[in-house]
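Trainee: Working from the sequences, and respecting the hints, build out all of it.
What follows is the residue order along each chain.
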Amino acid sequence: MDRRNFLSLGFTALASSLAGCRSSQHAHVLKDNDKDLVGSHAAGAETYQRLIDESVAKLLGRGCEPVEIQPTGMVLGEKKKICFIGVENCTAEEIGDFKEQIYELIDSAINESQQYHEISRRYVDAGLKQLRLPPDQLFIKENQRNFQAVMEEMGQPFDFLLFAKLTSGTTQQNKDYQRDYLLTLELVNIHTGDFLKESAKLRKGYHKSWFGKMFKY
Amino acid sequence: MLLSLSILAAASGCSSYADRLRDVRTEFHSGNLAAAKKFVDKELPKKRRAKEVDVLKLERAMIELSSGKPAVAERTLREVRDRFDFLEQKALAEGAASYLTDDTHRAYAGEDYEKVLIRAFLALSNLMHDGGDANAYALQVNDKQRQIIESAGSDSKKNPKLAYKQVALGAYVSGMLREATHRDYDDAQRSIQLVANWEPRFTAAKQDLERVTNGRHSAPGNGVLYVFTLVGRGPYKEERYEEPTQAAMLIVDHILSAIGKHTVTPTFAPVKVPVVVVPPNRVQSVAVSIDGKPAGLTETITDIGELATQQYAAIFPHVLARTVVRRSIKKGSLYAAKEFGQVENPLGELAIDAVGVAWEATENADTRCWGLLPNKIQVRRIELPAGTHQLSLQPASASGQPLGGAQRTEIRIVDGSNAYVLASFPSTTLVGKLLVNQDARPGLISDESIDGAGRNRAPHISPADLPEPPQEPAP
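Protein chains in written order, with the working numbering: chain A, 27 to 243; chain B, 418 to 892.
Think of the hints as simulated: they come from the structure by calculation, not from any bench. All clues given are correct.
Only pairs whose alpha carbons sit at most 20 Å apart, straight line, appear in this in silico EDC-like list of lysine to aspartate or glutamate:
id : chain 1 : residue 1 : chain 2 : residue 2
1  : A       : K125      : A       : E80
2  : A       : K201      : B       : E567
3  : A       : K191      : A       : E212
4  : A       : K125      : B       : D560
5  : B       : K582      : B       : E567
6  : A       : K125      : A       : D151
7  : A       : K84       : A       : E130
8  : A       : K234      : B       : D572
9  : B       : K710      : B       : E827
10 : B       : K578      : B       : D560
11 : A       : K125      : B       : D550
12 : A       : K223      : A       : D133
13 : A       : K201      : B       : D572
14 : B       : K474      : B       : D502
15 : A       : K227      : A       : E114
16 : A       : K234      : B       : E567
17 : B       : K468      : B       : E656
18 : B       : K468      : B       : D502
Mentor: Shown next, in the form of structure tokens:
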């Protein structure tokens, strides 16, 4: 270590030791109209909540149209039975504890719509576990038949499979980057194989400094 | 001068945390958990140990975990985690005081590796208890690592923490739990990929990655056993005399004394710094047998000794710089005292220098650390048919040569679920108990109490199961 480096380390050590005071952590309950914090390094509530709201609304909007992938023999007005398989994260980020919440938010929003009847996740998990089926293998005819049979055995027949997929695309510009997030909901009619797809997109800019944002937007 | 020499001698006789830790380590590693606990419990309430309370609690958590009390250990670890999070903020008064005394007078917020490992051990403790929060703790491991590195800045020349080795255990536990959902294979793949990147010597990561990408958790009718082992005696801190620095400072003192108006306190008192030491370990892995048949050796998922040494080496220049600055402040303040007090005669100068030497001699290296950590955390994954099995664990050398007696226990594998076992082998004998998670303990839960998703249903409680009400005291 050279002398200049050591001296600067010394001053840094002194300055950092003398700076600031400790304070206890505080928290508060946000009101409904309070803005979400914007994740500085990755997507957070500000991203996922909007993506979910938009994609679910679009899907439900499409679902209202009677010609859309209606199972044969289904009476108009009857609730469609959906088996929501899960959320697949294909973004460049780890979503950590958000994954379960995204599932629950989509699940609740669809259930509240009164158009669909969703099968409880506990049954879906038990069915997948019993057959040891990774979700992506559900499109193999035999696997799908077996899964349907298991679900029917549990008294949970269904007409549609619902998949949610999160993807991202990153555009780099020197130290700043833009990341586009896309949440796609795919509803597949297991009787005919027809599918309906809706997605919502949100773009976010990440900057190393406040000026980065100011100069670019 | 006589006074300073006598203080110097007395100060060097003061016991440091390293000295106290030696006894606890000896008792713990020889399997005498009761004696180790007694020592920690005796030290904890002492007022003069106020700055050591958190590390003492960490030692206690390891004793509790090995004693078969993972829920208690989890509670203790959680308490220290929150306390370290609070203490890592800077405190003006304490920072200033430490420049007039030494680093042992600062509150201890934990070394970076300790902050991360608290979360890793929280995940392990929770797995052995009910497992409900294990994934959250595992995510916190990665989160804390990211925070530590980012808080030191993004300039690779100024931030030594960018080169830190990452703890792969959090990602491994997270991947393991996501895979057990039979649904979130994408998450499991992401986590295992991190393990493969962060711990390239962990060869099982390749198979794990292949399985979560193209395979499945287990074949129908099978479950999976994860054997976690805490192997070897881990790192701790010792006091070392930094002789080249002392010699350099002494020369500087002489030069300044020769050219200055007053003399500068000579650096006679040794410059003490803490260093991380990893003791040699014979036990390098644990041989696992199922129903009398060998099932392989446990493999290192986190090398704590290496992690501690590497991380401490990265921040050591800062530790040394702080020590030198402290000495300079002490010398400078005594020089100022001579100047303001207009001390002119040599005897007066000598007396103040003697006080200065004594002051410097009272410094101790901050050897506080989590001293009961193992050297390595290892794991072995074994797929087994559902039912009851005999598990045997035997400490082994790096080549797999058995080194001590085998420890046996029964485990219960549930179809499609994970079972977890944790054992501590600091040397050739098991310390404490072999821990088995709740669902895998045979005889405790009947098959009927497991629902379709492999979760425990609450057992039916009859009035006869309730404890007797306390007896009324006689009038």
